[in-house]
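Visitor: Full structure from sequences and hints, please.
What follows is each chain in one-letter form.
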Amino acid sequence: MEEFLTASLTKFGSVASAIGIFFVLLGTIFFIAGKFNGKKARYIAITVFVGPAVALLAIGVVIPGIQTILFSFKDAESERFIGFDNYIWMVQDPYILTTMRNTFLWLIFTPLFTTALGLLLAVALNQMRRESIPKSLLFMPMAISFVGASVIWKFVYEFRDGDTQIGLLNAIWTFLGGEPVNWMLSKPLNTFLLMVILVWTQMGFAMVILSAAIKAVPSDLTEAAALDGASGSALFRYITFPMVRTTIVVVLATQVVGALKLFDIVETMTGGNFGTNVLANEMFSRIFVQYDQGKGSAIAVLLFIFVTPILIFNIRSIIKERANK
Amino acid sequence: MSLKVSKPSSGRQIFSSKVAAITVWTITILWTIPTFGLLVTSFRTGDEIYASGWWSAFTSPKFTLQNYKEVFLGGGSESLSDGILPYFINSIVITLPATIFPIIIATMAAYGLAWVKFKGSDFIFFAIFALQIVPLQMSLIPLLQLFTGGAHIGSVTIFPALGIAGDFAGIWLPHTMFAMPLAIYLLHNFIASLPRELMEAAHVDGANHFLIFRKIVIPLSVPGIAAIAIFQFLWVWNDLLVALTFAGGTEEVAPINAKLASLVGQYGSSWTTLTAGAFITIAIPLVVFFSLQRYFVRGLTAGSVK
Numbered sequence: 084m085e086e087f088l089t090a091s092l093t094k095f096g097s098v099a100s101a102i103g104i105f106f107v108l109l110g111t112i113f114f115i116a117g118k119f120n121g122k123k124a125r126y127i128a129i130t131v132f133v134g135p136a137v138a139l140l141a142i143g144v145v146i147p148g149i150q151t152i153l154f155s156f157k158d159a160e161s162e163r164f165i166g167f168d169n170y171i172w173m174v175q176d177p178y179i180l181t182t183m184r185n186t187f188l189w190l191i192f193t194p195l196f197t198t199a200l201g202l203l204l205a206v207a208l209n210q211m212r213r214e215s216i217p218k219s220l221l222f223m224p225m226a227i228s229f230v231g232a233s234v235i236w237k238f239v240y241e242f243r244d245g246d247t248q249i250g251l252l253n254a255i256w257t258f259l260g261g262e263p264v265n266w267m268l269s270k271p272l273n274t275f276l277l278m279v280i281l282v283w284t285q286m287g288f289a290m291v292i293l294s295a296a297i298k299a300v301p302s303d304l305t306e307a308a309a310l311d312g313a314s315g316s317a318l319f320r321y322i323t324f325p326m327v328r329t330t331i332v333v334v335l336a337t338q339v340v341g342a343l344k345l346f347d348i349v350e351t352m353t354g355g356n357f358g359t360n361v362l363a364n365e366m367f368s369r370i371f372v373q374y375d376q377g378k379g380s381a382i383a384v385l386l387f388i389f390v391t392p393i394l395i396f397n398i399r400s401i402i403k404e405r406a407n408k
Numbered sequence: 050m051s052l053k054v055s056k057p058s059s060g061r062q063i064f065s066s067k068v069a070a071i072t073v074w075t076i077t078i079l080w081t082i083p084t085f086g087l088l089v090t091s092f093r094t095g096d097e098i099y100a101s102g103w104w105s106a107f108t109s110p111k112f113t114l115q116n117y118k119e120v121f122l123g124g125g126s127e128s129l130s131d132g133i134l135p136y137f138i139n140s141i142v143i144t145l146p147a148t149i150f151p152i153i154i155a156t157m158a159a160y161g162l163a164w165v166k167f168k169g170s171d172f173i174f175f176a177i178f179a180l181q182i183v184p185l186q187m188s189l190i191p192l193l194q195l196f197t198g199g200a201h202i203g204s205v206t207i208f209p210a211l212g213i214a215g216d217f218a219g220i221w222l223p224h225t226m227f228a229m230p231l232a233i234y235l236l237h238n239f240i241a242s243l244p245r246e247l248m249e250a251a252h253v254d255g256a257n258h259f260l261i262f263r264k265i266v267i268p269l270s271v272p273g274i275a276a277i278a279i280f281q282f283l284w285v286w287n288d289l290l291v292a293l294t295f296a297g298g299t300e301e302v303a304p305i306n307a308k309l310a311s312l313v314g315q316y317g318s319s320w321t322t323l324t325a326g327a328f329i330t331i332a333i334p335l336v337v338f339f340s341l342q343r344y345f346v347r348g349l350t351a352g353s354v355k
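Here the protein sequences come in this chain order: A and B. FYI, the numbering for the first sequence is 84 to 408, going by my numbering. FYI, the numbering for the second sequence is 50 to 355, going by my numbering.
Source of the hints: derived by calculation from the structure; they are not laboratory data. Check before you lean on any hint, since a few could be wrong.
Stated by the list, open to error - DSS-like mimics (lysine-lysine), calculated; alpha carbons at most 30 angstroms apart, straight line:
#, chain 1, residue 1, chain 2, residue 2
1, A, K403, A, K157
2, B, K166, A, K123
3, B, K168, A, K123
4, A, K403, B, K166
5, B, K118, A, K122
6, B, K166, B, K264
7, A, K118, B, K168
8, A, K344, A, K270
9, B, K264, A, K122
10, A, K118, B, K264
11, B, K168, A, K122
12, B, K118, A, K94
13, A, K157, A, K94
14, A, K123, B, K264
15, B, K67, B, K168
16, B, K168, A, K403
17, A, K298, B, K67
18, A, K298, A, K157
19, B, K166, A, K118
Claimed, not checked - Some chain B residues near chain A, calculated using beta-carbon distances under 7 angstroms:
#, residue
20, A70
21, G102
22, L243
23, L323
All residues carry an ideal CB built from backbone N, CA and C; glycine is no exception.
Guide: Here it is in structure tokens:
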């Protein structure tokens, strides 16, 4: 216990001093930089305000990104260039192809389910009087880590030999007359059961964003249409849906990027075994378990290639938005 | 961003209020049951957990705090003999600086890009915006190598070996770097919409950029900064990839979320350990979430809804 206390005190001490040093440094820089006048002052202000962020991004994201591209053309120890070998390996290795297929399944299904369910709930919540409690509860999984969510769902999917089932899914399944199933071993259902976890955590995000968009639809518009005798489904098709379409696209795009990078759930639930592996998990195990930097980097680059269409779409929409201002 | 709230009108709607309420409550119950089941289980004894499903705990209530005691202080299962408390402390030690540093640096950059316009400021803003969706995976290996070995051209060292891999600083720094794009983008939206007259008046009165930043920009941006700080706090607390890459799994630095992940994969960790461990791990984020939900929602919507 005493050992633990001293260790913890040291840790908190390092936090306090790190934060202290940070603020003293910042204060000093602000003080000195504030002394300058005239044209020089502007350049110093630009450097002080924007410099640190640009340096962090250059050292932490841009340069490493370029290095990863270079590594992907090298061997396991990054000692010599081997051309496109790592990429050729990726499209030929049956295991990687299965992993890629799984990633595609995640990319297609989780954004669709998450967004559709989020939209349904956003529309329904808009017509409820006391929406705050269900909204909070539906949104809550957003605050839970993927690891925590995995533990929660691992318990739902728990399988035991014999008569007593302590996992909810098997309890319901056997109650309905089925034989107990080891869900995590049943291909390809297990991949979809893992997707449920991602949908469970992300649906609240889609719901909250779409809910805000639906509330922003001018109410006179819906009321006028209702007065003209539009039916419920017509209201949705011709007014609500078109008004929130841009937001739906944003939510879908966010989910696609999220599904692509997904790593924690697969790592925690199955470790990528039983045919559930995805690229982000495979990349991690190539580098840190099999110590193959070349292949690991090539998978990272592949992930990057998959997000580029969304990247281009995002940049185009922000440029358009700027032009409209 | 101003949202006009439309009250449910008496006229025709997409579907009736009753159908809406039934749909919402059905899904809400479905959505809450898994967490609730785990919470109930965490208060049951080991024997009970394996003898019957958690739903039967209500017919013969018998609850205990033993699981929490064992997980917190140790002495329970082999996989967690020293207890989870050191990892909990590590999470706090990691999360505080990894939230404060990036938020301040990003606020500065957002102000610089929005109000000290210069040639290239638009380009930098677009570049930062684009970097938002570059997968983290692209940076991991080279960054880890940089921390352990530094960078050299021939025999000239252009970046010293910081030797901070496996140290707290080695986790704060990558979190700070990776937080930049989203934080700058969201804060830029917020800070750019501050009133122009205010800034001009301050300049006329002789205030320099540093004074304006401290006396005007920071106080007026508190709601935006708070929203993004909560977001970043949850992100760091819940992160696994950065923690595994830069911290490893040791008691000295590994955060609680990484510890929980390793417990799941280990033989000998029973549901008594896992259920209580999971709840200790998600307790802080849930408290933060429920008490500051309003800010959190604002932070989310600011980025996605115009």
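Visitor: The structure should be examined with respect to each hint, and the outcome stated for every one.
Guide: Hint check:
1. Between K403 (chain A) and K157 (chain A) the CA atoms are separated by roughly 40 angstroms; this puts the pair beyond 30 angstroms, and the hint is violated.
2. Among the hinted pairs, K166 (chain B) with K123 (chain A) is consistent with the structure: their alpha-carbon atoms are about 15 angstroms apart, no more than 30 angstroms.
3. Our distance criterion of 30 angstroms between C-alpha atoms is met by K168 (chain B) and K123 (chain A), whose separation comes to about 15 angstroms.
4. About 20 angstroms separates the Cα atoms of K403 (chain A) and K166 (chain B), which keeps this hinted pair within 30 angstroms; it holds.
5. Restraint check: the Cα-Cα separation between K118 (chain B) and K122 (chain A) comes to about 64 angstroms, which exceeds 30 angstroms; the hinted pair is violated.
6. Straight-line distance between C-alpha atoms of K166 (chain B) and K264 (chain B) comes to about 20 angstroms, which keeps the hinted pair within the 30 angstroms bound.
7. Using a Cα cut-off of 30 angstroms, the hinted pair K118 (chain A) and K168 (chain B) holds, with the two alpha carbons roughly 24 angstroms apart.
8. Restraint check: the Cα-Cα separation between K344 (chain A) and K270 (chain A) comes to about 22 angstroms, which is no more than 30 angstroms; the hinted pair holds.
9. Using a Cα cut-off of 30 angstroms, the hinted pair K264 (chain B) and K122 (chain A) holds, with the two alpha carbons roughly 22 angstroms apart.
10. Among the hinted pairs, K118 (chain A) with K264 (chain B) is consistent with the structure: their alpha-carbon atoms are about 17 angstroms apart, no more than 30 angstroms.
11. At most 30 angstroms may separate the alpha-carbon atoms for a hinted pair to count; K168 (chain B) and K122 (chain A) meet this at roughly 14 angstroms.
12. For the given pair, K118 (chain B) sits about 23 angstroms from K94 (chain A) by alpha-carbon distance, which is consistent with the 30 angstroms threshold.
13. About 40 angstroms separates the Cα atoms of K157 (chain A) and K94 (chain A), which puts this hinted pair outside 30 angstroms; it is violated.
14. Between K123 (chain A) and K264 (chain B) the alpha-carbon distance is near 22 angstroms, which keeps this suggested pair within the 30 angstroms criterion.
15. At most 30 angstroms may separate the alpha-carbon atoms for a hinted pair to count; K67 (chain B) and K168 (chain B) exceed this at roughly 57 angstroms.
16. Taking the CA atoms of K168 (chain B) and K403 (chain A), the gap is about 20 angstroms. The hint holds against a cut of 30 angstroms.
17. Note on K298 (chain A) and K67 (chain B): the hinted pairing holds, with a Cα-Cα distance of about 19 angstroms set against a maximum of 30 angstroms.
18. Among the hinted pairs, K298 (chain A) with K157 (chain A) is inconsistent with the structure: their alpha-carbon atoms are about 53 angstroms apart, more than 30 angstroms.
19. A C-alpha spacing of about 20 angstroms is found between K166 (chain B) and K118 (chain A), which places the hinted pair at or below 30 angstroms, so the restraint holds.
20. With a least beta-carbon distance of about 6 angstroms to chain A, the hint placing A70 (chain B) at the interface is held under the 7 angstroms criterion.
21. For the restraint placing G102 (chain B) at the interface with chain A, the shortest Cβ-Cβ distance is roughly 5 angstroms, inside the 7 angstroms limit, so the hint holds.
22. Below 7 angstroms, beta-carbon pairs count as interface contacts, and L243 (chain B) has none with chain A, the closest being about 15 angstroms; its hint is therefore violated.
23. Interface hint at L323 (chain B): satisfied, since its Cβ lies 6 angstroms from the closest Cβ of chain A, which is below the 7 angstroms cut-off.
Comparing the model with each numbered hint stated earlier shows that hints 1, 5, 13, 15, 18, 22 do not hold.
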